[in-house]
Amino acid sequence: MTDTLVVSTRRRSWAGWKFVGPFMAVFALVFLAPIGYSIYLSLYRNRLIGGNSFVGIDNYTQAIQDDQFWSGFGRVALFLVVQVPIMLILALVVALAIDSGRLYGKAFFRVTIFLPYAVPAVVATFMWGFMYSNQFGLVGNINEAFGITLPEPLSANLALASIGNIVTWEFVGYNMLIFYSALRVVPASLYESAEIDGAGAFRIITAIKLPAIRGALVIATIFSVIGSFQLFNEPAIMRPLARNVLTTDYTPNMYAYSLSFAGQQYNYAATVAIIMGVITMVIAYVVQLRGTREN
Amino acid sequence: MSRFIKVAAAATAAMLALAACGGGGDTSTDTPAAKGSEADVTAALAKGGSLTVWAWDGTVKDVAAGFQKKYPNVKINLVSALSGDKHYTALQNAVAAGSGGPDVAQVEYFAVLQFALSKALANLSGYGADSLKSEFTPGPWAAVTPNGGVYGLPLDSGPMAMFYNKEVFDKNGITVPTTWAEYVEAARKLHTANPKAYLTGDTGDAGFTTSMIWQAGGKPYQVSGNDVTINFADPGAAKYATTWQPMITEKLVASIPPWTDEWFKALGDGTIASLVTGAWMPGNLASGAKAAAGKWRVAPMPQWEAGGKATAENGGSSLGVMDKSANKALAYAFVKYAAAEEGKDLRIKAGAFPSTTKDLNSPEFLATEFPYFGGQKANEILAQSAKDVVSGWSYLPFQVYANSVFNDSAGKAYVSATPLTDSLKAWGEQSAKYGKEQGFTVK
Amino acid sequence: MTTTVQSPRRPRDAAPVRRKPYRRGNRRSLTLTLLTGVVAIYSLVPLFWLVVNATKTPEGLLGSFGLWFDDGKFALFDNIAQTFTYDDGAFVRWLGNTVMYVVVGAGGATMLATLAGYGLAKFNFVGKRAVFATVIGAVAVPGTALAVPTFLMFSKMGLTNTPWSVIIPSLVSPFGLYLMWTFSAQAIPDEMLEAARMDGAGEFRTFLRISVPLLGPGIVTVLLFTMVATWNNYFLPLIMLKDPAWYPLTIGLNAWNDQAQTVGGQAVFNLVITGSLLTILPLLAAFLLLQRYWQSGLTAGSVKE
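Chains as they are written, first to last, in my numbering: chain A, 7 to 301; chain B, 2 to 444; chain C, 739 to 1043.
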């Protein structure tokens, strides 16, 4: 053990690039180049009559005044502040329950609650879509069996919540696992001193466990925030079941998709996507700052 | 500069350079006829080669097999496409990218104008296509010949008729309606007698709506070159909106999304008692709603005026040659085979509803008995419908887009208190906005 | 009556940072178990629906109660057989495609993420901060923003409608990078690397001989998560692929679902359901069998700030 050498044990050289290089090369191709191309596209406009022309920031001014964009944005923002806390709190509670050691068969719970993550969005949406049907699906069966009329899950008022349910179902296990893994590495010594102090279960959770896994909470929140803003798969796959409610501009991502592929308006779609990307990054950054600054 | 930034900059620069090279093409209103002649077609057949065909219609498989048997030195690669929106998206993407598209593509009638205008489809008159005019019924032929060129040959057609569940009608004492006023009345009667049954299903469908307005004599879309007028206050559109409104307000239509398994079940067990749609429906009924085999019948489309004979087309597609195809003459040979030669007979045998006048008038065709309809000679009604199609209808040069956003605006009538007239107007406005953005002069 | 003072270290622990699970006595709570059970039932109900309905014939699907079997008709094996043979064995082709995309895509992504994570954790180099910031920042960009430009780019390069258009984008996993970075930082002591360097071993050799074995659980974790992502990949293949011969299972199932909308088309909903069940089984099996690895991998790689 050389303690006389004060040289950093990490090589400061280009060696690091040999390892990081391959990843970054593909990354540049599939992320950076398309982003660059997107920015380029957003400055132009290609029309059926008239062709391609440079329009500067016209697309951006149009987007800022675009009701369809902002209503979709409002929707995912609402989704964010409701679904993400519900899902994360549920995941946290389950993780705490499993970690508490007071469950029978905790391995069973760990696995079963995680399983939905392995199901593709297409299949998940298909399953829930059928169950939501109030004619022949589960909702309909219940209506018939009990003679009641449950509200329609895919009506205008409930559609967003129904989609929130699917997303929660898909990801609660994944988040639960992240929290649980973080809980597993909390040093036992902390618990022992707490018990000596006579702390009750609830106090242990608030004073020891939660602060210890703060990092995992922040990361899970950030990924969920980003996921919410990018909401696309579930409403898009479910569209055929409720076209009048799940409009083509239901979420900003769906709007960008419809602009690109139905309207062939690639330029405007790129603009919408860039604006969403910037907003998402800002909010994710804010969450990260707040999350790591507290205490 | 860090190496990373250099790499990223280089990649971005390369992409920008490629993008600049590609560029979007400008469009003029008519495409010159594909350079070539009938002689080219014969030559191409002699030479042989291979073709890629994008078509979702199941009968095209038989056509491809027949064609390859007749011309062994031609290979057909038939790609059974995702249907509907996704098919057009893929076509548009291929055109935008300049490559990756097929030689031959199935294009529904409402979409032909859009693809012709964007020069995605080749003008086939140079190959002698215009001489085939007399073989096809007027509706489909008009659809494939915008702006004086020929942009495809009709495959099938969809003259409308009313398909209804006779057992349900009889059980509830409903007489077959002959006018729309009677239809709405019948809807009320059925739903009152059996709250679980509906005369028909409707969750907002662009094709159905435009066809109804078409039958009512409406002309909401007027297209002349790059000038487009969109007007849903037009008398025919207004007539449709006011007549159909009670169906929605009084909940006389089943709100089951079409083409889902629920929908087929509803057709099979009598929850949905009738459909007013195109002549291509029998095949789908037979395969999807087997439970009701023998219980359904066909009747003429209800009329706006008592004793009238007007109908409209709903759906149906053509087969066109892509302008970027490397072998247009050979592609045209296939299209002609499928639409006007032996291929057509193969398709009719497989269940397609023809668009050729000769077949529509042929005695055997008219005498076909449909087991699903209890042995009824349904083709008599369907063929007559083809003859009664109202003339003068036009779709938008961007109908594919307009239809894709139908439910965003017009759909509001089905889920809120917005009346159909207002929501159709909103649809018109949304379509107009898009048209203006695309450079059309829209009024 | 025995009281254990210290819970025995379970022999299958592999990660060096595993702490002993804290045992707060043996008070198991039935209430808590039942409440957690509710969540478990919630997770399982749709899967149960899938299994039950895969046993039904098309007519039975529409006629029977959604959550229980169709009396008297157990068509699971028929459905499975039909799924595999329908349309000249399209399902088998799609299964093969998916396996290929997963092996090449997830395998490649794991390799790249492992290399890069290791590089970020163990080396200092110019631009390191920029790398991390860019990668995490890129995750925030909506996938649809990238889809069309990537599509246009790829078509100019002639890659669309080929397997590469699906594989190349799946080679980049920012989550994998992040995981391998934290895992490498914890699992590989700097001293070991220094010792190897002083012995004259090259960087790459050191990596292969010393670091990779230590990174085992992390690699398996990233592999499993990228496998899930590529197996379930939907949006990108949807726009990149036109030829059904190259579809992965997700797009293929979607195409079958759409199929009834065609003239003379066959409604094959029972095959869609059975196909969906078959599609999720391999992943579920992989997760169940490889539990010990990914659980320790996630634990060790968990974030501590």
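Simulated from the structure, these hints should not be mistaken for lab results.
By construction, the Cβ of each residue, glycine as well, lies at the ideal position given by its N, Cα and C atoms.
Hints are not guaranteed to be accurate.
Below 20 angstroms or equal to it, Euclidean Cα-Cα: the simulated DMTMM-like pairs (lysine to aspartate or glutamate) are [unchecked claim]:
| hint | chain 1 | residue 1 | chain 2 | residue 2 |
| --- | --- | --- | --- | --- |
| 1 | B | Lys434 | A | Asp64 |
| 2 | B | Lys434 | A | Glu158 |
| 3 | B | Lys62 | C | Asp825 |
Label-pair distances were calculated between CB atoms; the ranges are [said to hold, decoys possible]:
| hint | chain 1 | residue 1 | chain 2 | residue 2 | range |
| --- | --- | --- | --- | --- | --- |
| 4 | C | Asp825 | B | Glu343 | 44 to 50 angstroms |
| 5 | C | Val783 | B | Asp86 | 48 to 54 angstroms |
| 6 | B | Glu365 | C | Leu814 | 20 to 26 angstroms |
| 7 | C | Leu1026 | B | Ser100 | 42 to 48 angstroms |
| 8 | C | Arg947 | B | Asn78 | 48 to 54 angstroms |
| 9 | A | Arg209 | B | Asp86 | 20 to 26 angstroms |
| 10 | A | Arg296 | C | Gly845 | 34 to 40 angstroms |
| 11 | B | Lys197 | C | Phe786 | 26 to 32 angstroms |
| 12 | A | Ala200 | B | Asp86 | 56 to 62 angstroms |
Index of numbered hints that the structure contradicts, given in increasing order: 2, 4, 5, 6, 9
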